[in-house]
Amino acid sequence: MTAPFVPHTDEEISEMLAFLGLESLDDLFETVPAAIRLAGGLDLAPGASEADVLDRLDELAARNRPTGRHLVCFAGAGAYDHEIPAVVKALASRSEFVTAYTPYQPEVAQGVLQAIFEFQSMTARLAGLEISNASLYDGAVALVEASNLATVATGNRRVLCSAGVNPRWRETLATFSKGSGHELETVPLGPDGTTDWSAIAAAPAGGILVASPNFLGCIEDLGPARAAADASGARLVVAFDPVSSGVLRTPGSAGADVVVGEGQALGTPLGFGGPYLGLFTCRLSDVRRLPGRLVGETVDTESRPAYVTTLRAREQDIRREHASSNVCTNQTLMAVTAAIQLGWLGTAGLREVALRSARASRYLREALLALPTTEPVTTAPTLREFAVRTPAPATTLVERLVDAGFLAGVPVVEGFEDTRLEESLLVAATERRTRAEIDAFAAAFEKASR
Amino acid sequence: MSPAPAHEQGSLTPAGGRARSTPLMGRAPEPSLFELSVKGRRSASFRTSGLPDWTLEELVPEAYRAPEPVELPEVSERDLVAHFTRLTHRQYSVDLGAYPLGSCTMKYNPKSCDLAASLAGFADVHPASPPSCTQGWLELLVELEQSLCVITGMAAATLQPPAGAAGELTGLLLMRAYHSANDGGSPARRRVIIPDSAHGTNPASVTLSGFEVTTVGTNARGGVDIDGLRRVLDTDVAGMMLTNPNTLGLFEEEIAEITRLVHDVGGLMYYDGANLNAILGVVRPGDMGFDIVHLNLHKTFATPHGGGGPGAGPVAVSERLVDFLPGPRPVRRPDGSFGWHKPEHSIGRIHSWHGNALVLLRAWTYVRLNGSDGLRRVAETAVLNANFVKERLRGTYELPYDRPVMHECVVSARSIAKETGVRALDVAKRLLELGFHSPTVYFPHIVDEALMIEPTETESPQTVAALADALVQIAEEARAEDGTGAAAAQGAPATTPVGRVDETRAARHLIATIDQRPPSGG
Chain A
1 MTAPFVPHTD EEISEMLAFL GLESLDDLFE TVPAAIRLAG GLDLAPGASE ADVLDRLDEL
61 AARNRPTGRH LVCFAGAGAY DHEIPAVVKA LASRSEFVTA YTPYQPEVAQ GVLQAIFEFQ
121 SMTARLAGLE ISNASLYDGA VALVEASNLA TVATGNRRVL CSAGVNPRWR ETLATFSKGS
181 GHELETVPLG PDGTTDWSAI AAAPAGGILV ASPNFLGCIE DLGPARAAAD ASGARLVVAF
241 DPVSSGVLRT PGSAGADVVV GEGQALGTPL GFGGPYLGLF TCRLSDVRRL PGRLVGETVD
301 TESRPAYVTT LRAREQDIRR EHASSNVCTN QTLMAVTAAI QLGWLGTAGL REVALRSARA
361 SRYLREALLA LPTTEPVTTA PTLREFAVRT PAPATTLVER LVDAGFLAGV PVVEGFEDTR
421 LEESLLVAAT ERRTRAEIDA FAAAFEKASR
Chain B
1 MSPAPAHEQG SLTPAGGRAR STPLMGRAPE PSLFELSVKG RRSASFRTSG LPDWTLEELV
61 PEAYRAPEPV ELPEVSERDL VAHFTRLTHR QYSVDLGAYP LGSCTMKYNP KSCDLAASLA
121 GFADVHPASP PSCTQGWLEL LVELEQSLCV ITGMAAATLQ PPAGAAGELT GLLLMRAYHS
181 ANDGGSPARR RVIIPDSAHG TNPASVTLSG FEVTTVGTNA RGGVDIDGLR RVLDTDVAGM
241 MLTNPNTLGL FEEEIAEITR LVHDVGGLMY YDGANLNAIL GVVRPGDMGF DIVHLNLHKT
301 FATPHGGGGP GAGPVAVSER LVDFLPGPRP VRRPDGSFGW HKPEHSIGRI HSWHGNALVL
361 LRAWTYVRLN GSDGLRRVAE TAVLNANFVK ERLRGTYELP YDRPVMHECV VSARSIAKET
421 GVRALDVAKR LLELGFHSPT VYFPHIVDEA LMIEPTETES PQTVAALADA LVQIAEEARA
481 EDGTGAAAAQ GAPATTPVGR VDETRAARHL IATIDQRPPS GG
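Line by line, the protein sequences are chains A and B. Be aware that the first sequence starts at 1, since it is given in the numbering used here, and climbs by one per residue. Be aware that the second sequence starts at 1, since it is given in the numbering used here, and climbs by one per residue.
Hints were generated in silico from the structure; no laboratory data involved. Ideal placement from N, C-alpha and C gives every residue a C-beta, glycine not left out. Don't take every hint at face value.
Sample of chain B residues facing chain A (criterion: CB under 7 angstroms; computed from the structure) [stated by the list, open to error]:
id, residue
1, Phe84
2, Gly306
3, Tyr401
No more than 20 angstroms apart at the CA atoms, straight line, and that leaves these computed lysine to any residue pairs for SDA-like [stated by the list, open to error]:
id, chain 1, residue 1, chain 2, residue 2
4, A, Lys178, B, Val213
5, B, Lys111, A, Thr347
6, B, Lys342, B, Val322
7, B, Lys342, A, Ala174
8, B, Lys39, A, Thr347
To be clear about the criterion: a stretch of chain B counts as covered by chain A if any three or more of its residues have a C-beta under 8 angstroms from a C-beta of chain A, and this derived list gives those stretches [unchecked claim]:
id, stretch
9, 69-79
10, 94-103
11, 173-182
12, 363-369
13, 387-398
14, 499-505
One chain only, chain A, in its complex shape (with noise of 0.2 angstroms):
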């Protein structure tokens, strides 16, 4: 039998086993009962070296196209494709930082929980607000608990999110919803592709959450929204794009009390989608409801700077029942790498990494825009992102464009029930796409949607 990963030889199981008063391995499963126990092993292959599974997924690799080269990434929707250097994949993949566990000792964990100060003082800083915890899942699951802090904090279950808001995450936060009970309302948009408050029923609410620049890639005006929450006695909770917080006004300081994000962009890979990393920050007056971990700093028996968790008493293990996140595990390695990120970037490199972002995306949009048969989807103004429409199906376009070396954009297929948006793509160019790129990719771009 082998297990490539245990280190014990037949002997020594042998001497263990003596140690015990058993005979064999099986004697350490007799509380099993025999009735339930499984005959005949898992019905799975047996072991194999790691030079034959390296090789099985090279071949699974092979039949994957990943972003680069040979097909020059124009695709957003949440998942961006930002630089990500060496020395970030260096120090984000030190085994110190890749397999620690959570921090629960803090006198041999102060690396990790130092980092994790940083990355919450820097993305406390990128949302405008006071405070930051330590990351959770994703972009919709932060949402999903703005959202639970919102109905606790004002003992309101009515939740208006606007329709800008990315429609993954709005289905994940309407999934959750069927359990915290939250009574959802779509906020439409508005014909220049930013959230229409117009609409909304002037009745009390727990939440109102929007994001800027939204799905469709539109800086939303902040004003009627934060007007509508205090009209209305929420809690606004804004989703931002940390990358545009390089250049924009940060959500906090545009009256954000509640601030939620993917830090995707921060220095993680595409990855097939995860692990990505929730970005979650809100007011210092709202600290006690914060959901996740939260690390402070203070000092040891010797007067030392020191780090530590804290505010514990509002987590799962201790509250239980009356909990009101059940968050444990989160994403640490990607909140330190997105410290490490931004380190590299500096005050100047994030600005940079944005206006860079935004001088690619005009040039792109006017390049598309000069194409006979491309229309826009909306007009107000945009950063890194805009949603296009083609006589062609943007599904057909998007696997056209594959051949030609292209991943041209997300079709917007799902969450809008907006006719305009019918079959439109969400296009976005980041900081790595060159003129040649966009000047090629428009010339494909005309040929396939015609």
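Starting from the structure of chain A, add chain B where the hints point.
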């Protein structure tokens, strides 16, 4: 430690690069990256784009523009590397040594699994790519789902839940959807039963899924109190959540009777897979009568914890729940190609994309490396190590439920605490000085002064023996007549990067960001 005043440093800002690594292994406090920052210093560089250099003013209307940039640390690449490398020297990890945290299954994380996750053919795939670009990924996910179903004895699984707690909530929402469909949407089934030894995520998940918790006690043998269970069972019970082996490390001997009783009132059985490592290839949740199973791939299937995450918490279900699974699910189409399918009565999406795919990939790799024989050996040696450590501690620590254990054992420091004042926490802190990570302490709550020890199968007999010896040494020192040993334990750890941390101060004077620090740094 404080840097020299500015006037003694010429024109240099008193920060960047002044951190030192001496003495080695992190006894020196590490400044934050903000303190290492020097305005104007930078690391980042970008691709030459050839694009027009439009200004921000030309690109973004003034109303939306940031009045001033968000300030981030500005450091050289060299300082960035030095800072985070020094932080790693202040961090314990599985790669460094044994991590016998009960309930956490901190086994060794194979490097080939990390290598697999770094292959560009997987790591650089956009999640919204059309299926024609992701056939390899989809086949891998379908294979993983099938393997997990074989291992658990279930019919189908969702791979979306990104962690165990997310899996629990998903499973309970499945339970809710199932009862709604079968009871004509009646809300009559509102209670979920949980043993008092359960993990905290269980009751929290029950509340978030809109159910109420009913707690059932533990009998003298450490199992579910069957009479107590009978008393709380009624037709308003939606189901029962159970960890088996439970958090005492004990196999639930009457599991068949428990599942029968719950099924008899129309409830579903939920298996918390936190402790699945103990029974791989030995017994399957499906054969015990469970309907819903979540797995913690970051425990049983050796994917690294990353300092607290990411994890992955797939949920496998029996036939009658398959149509309710979250979607879209990766599926093999009749023509042999792979695509996505949303189950007919799906509860909906529970993740932005397809789950923590690169974690799932590592678990797939781990399953292939071990295979059917290897997984069984994993369970056997995990259980062997746990019983070995338990027997080595007999006579030194109390064994509150003295039966053969599965993958972990719970011992009590109650008598040591009573005699010497050295509590479980002190034992845990002293153990850090002796070179091991601490066991889980004060859990499960039903055991006083609990130390929950899970060696896992990847620690050698020698390491497990040394761990047991260290725990015995601590107890013997504590009982030394002159009291020096007890004092040493209560003052421990003295050899770690920091000593015991003032948790009360952290909570009372919250400083959770650099901007919350008092202005003078005091």
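Hints and how they fare:
Given hint, phenylalanine 84/B at the interface with chain A, holds; its Cβ is 5 angstroms from that chain's nearest Cβ, closer than 7 angstroms. Against a cut-off of 7 angstroms between C-beta atoms, the interface hint on glycine 306/B holds, since the closest Cβ of chain A lies about 3 angstroms away. Because the closest C-beta pair between tyrosine 401/B and chain A is about 12 angstroms apart, greater than 7 angstroms, the hint is violated. The hinted pair formed by lysine 178/A and valine 213/B meets the criterion: a straight-line CA distance of about 17 angstroms does not exceed 20 angstroms.
Taken as a hint, the lysine 111/B and threonine 347/A pair is broken in the structure, with Cα atoms around 35 angstroms apart against an allowance of 20 angstroms. The suggested pairing of lysine 342/B with valine 322/B holds, with an alpha-carbon distance near 11 angstroms, which does not exceed 20 angstroms. Distance restraint check for lysine 342/B and alanine 174/A: the Cα-Cα separation of roughly 16 angstroms lies within the 20 angstroms cut-off, and the hinted pair is therefore satisfied. A hinted pair counts as satisfied when its Cα atoms are at most 20 angstroms apart, and lysine 39/B with threonine 347/A qualifies at roughly 9 angstroms.
Here the stretch 69-79 of chain B counts 8 residues with a CB under 8 angstroms from a CB of chain A, which clears the bar of 3, and the coverage holds. Coverage of the stretch 94-103 of chain B by chain A holds in this model, with 5 residues showing a Cβ closer than 8 angstroms to a Cβ of that chain against a need of three. Proximity of the stretch 173-182 of chain B to chain A, defined as three or more residues with a beta carbon under 8 angstroms from a beta carbon of that chain, is established by the 3 residues found. Counting residues of the stretch 363-369 of chain B whose C-beta sits closer than 8 angstroms to any C-beta of chain A gives 4, which meets the bar of three, so the coverage hint holds.
Chain A is given as covering the stretch 387-398 of chain B, and this holds because 3 residues of the stretch bring a CB closer than 8 angstroms to a CB of that chain, at least three being needed. Coverage of the stretch 499-505 of chain B by chain A holds in this model, with 6 residues showing a Cβ closer than 8 angstroms to a Cβ of that chain against a need of three.
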